[in-house]
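Read off the chains here:
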Amino acid sequence: MTTTTLEAPQPSGAQNARVQGATRLNFARVVRSEWIKLRTLRSTLWLFAIFVLLTVAFGLLMAVTFDTSGGPALDTETQKSFTVMVATLGVSFTQLVAAVLGVLIVSGEYTTGMIRSTFAAVPKRLPAFFAKAFVLALATFVVSLGSIVATALITAPILAGQGVEGQLLDGEVMRALVGGAGYLTLVALLAFGFGAILRNSAGGIATVLGLILVVPTVLGILAAITQAVWVQNLSAFLPSNAGALMYAIGDGSFMGGPPVPTGSDIITLDATQGFLVLVAWVVVLFIAAAALIKRRDA
Amino acid sequence: MIEIQGLTKRYGAKTAVDNITATIRPGLVTGFLGPNGAGKSTTMRTIIGLDRPDSGSVTVNGKQYAQHHNPMHEVGALLDAKAIHTGRTAYNHLLAMGATHGIGKARVNEVIAMTGLESVAKKRVGGFSLGMGQRLGIAAALLGDPQTLILDEPVNGLDPEGVMWVRKLTRQLASEGRTIFLSSHLMSEMAQTADHLIVLGRGRIIADAPVSEILAIATGTAVRVRTPQAAELANRLSGSDATITSIEGDVLNIAGLASAQIGEAAAQSGIVLHELTPLSASLEDAYLELTQDDVEYHSEVSR
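Each protein sequence line maps, in turn, to chains A and B. Counting from 1, one number per residue, gives the positions in the first sequence under my numbering. Counting from 1001, one number per residue, gives the positions in the second sequence under my numbering.
One or more hints might be untrue.
[Claimed, not checked] Below are the DSS-like pairs computed for lysine-lysine, each with C-alpha atoms no more than 30 Å apart in a straight line:
(1) K1082(B) x K294(A)
(2) K1122(B) x K1082(B)
(3) K294(A) x K1122(B)
(4) K1123(B) x K294(A)
(5) K1082(B) x K124(A)
(6) K1123(B) x K1105(B)
(7) K1122(B) x K1014(B)
(8) K1122(B) x K1105(B)
(9) K1123(B) x K1014(B)
(10) K1063(B) x K1123(B)
(11) K1063(B) x K124(A)
(12) K294(A) x K1014(B)
(13) K1123(B) x K1168(B)
(14) K294(A) x K1168(B)
(15) K294(A) x K124(A)
(16) K1082(B) x K1168(B)
(17) K1105(B) x K1014(B)
(18) K1168(B) x K1122(B)
(19) K1082(B) x K1063(B)
(20) K1063(B) x K1122(B)
(21) K1105(B) x K1082(B)
It should be emphasised that the hints constitute simulated quantities derived from the structure, not laboratory data.
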């Protein structure tokens, strides 16, 4: 391949004035830059496509295999629970996609060296960090909510045939559907925090998936063996357990999980508290990540 | 204008840059020369705040780089041609970089044309050759129409046409009153491009002077004289400070005297001269002379 270059570079006076007059660094522009970065990587687009596919596919699968024939008519509460469950069944899987996406979006800049271009353009660094987090959160929330609502709408006619009437306009159902999207968004941000701290794709993904998948299981086993209250309480504050409350209706026992233990010392969170716990995780990670980004050499 | 004041940067126990002070002035091409590991890249990275100095300060046009409202218009830097996400196209990379400062498609297309990247602009950077990566890095550096241009090994991987182009580009930008600071390990390239040289060895400045002066300091000047009366001329000059070496029968290398002095002395003694040529040492020679004690990694050619 031959590359030919113009005879001489021509940053003429008029052009100088134009470029100089219009340009200035500000946060809105950094957000725009991060948005361009997000939509111009194939890996990101693929992850979002998988995201939508998983949500719809699992919802459909559950809806078509659901069979109430012969049973008694379902009460309204159960119908609501079922509507939410079908629409958010994919979350167990898409949370992994959100985690990978959150890590890659920042670790990818470190592993390729892109971060040096980013910090050269935005030398205060933190605006780039927050703009990237903002774009990630917005895109994840919109895609999550879109795919969850789409799943609910697509499966509504199928469920109606099974005696589950559309409950989509019910306040509690809407809260749970939005909660599902909110949960995925916060998982993506949690992963983003780890990615920014570890600056490494494999390490970041392993850490987040460990926290979401492995730690709850380990604590669950520990709790079963020891029956220790503090282990159960600790478990309640894990991101996945606290976050699961955001998209559950009622006590969640309908989901087939163990009945929520009740005892004077055992902490049970409601949806809002679960949300706040997850937000606290993200805030702590972001503070650590921001401090490191400011201090470390790029 | 870049002002470096008492800059020190350590990586663990290793001191990469050791208390250097220098001013890189506008309107000139300043070359930054030194063996591998001398601290050139580290110094350049601290200028745009990618590395934090352990002590000392670096300012660009009177302010720290990060304090400028329009950083890409103050400094354009090519520090590492690989500082680009391999999954993105060249065009989208430039678009995203420019977007931070409100620089739009028109300017992106301009720098693509300036750097000759039109044919590959829509291709992903992962498949770029070293030379194309280098051109893209330079394109990114030029995006903000910067007052100060910092290029770390810009001709690395470029074909001869590209090398010529970088030389023209830097000369022209300097003539517009901009500050140009470039490093290179190609000393001959520096001789043709730079006005001023800062020579670095093991994190310290060895020389900071105009190119011509560096040449003179390092080796002095010698004059080649061709004459059928070589022995007579050698005799005639033997009383002076001149150091005379005979190369062939009728050729003498005379150091320590200007060609005018030699010519006049020959005329007075009626000695015929066939050639009288001032020899300027190559920058390579000067450079090796300056840095021979400061090279971190010696290569042993023969043992």
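Ascending list of hint numbers which this structure does not respect = Violated hints: 3, 4, 7, 9, 10, 14, 17 and 20; rest satisfied.
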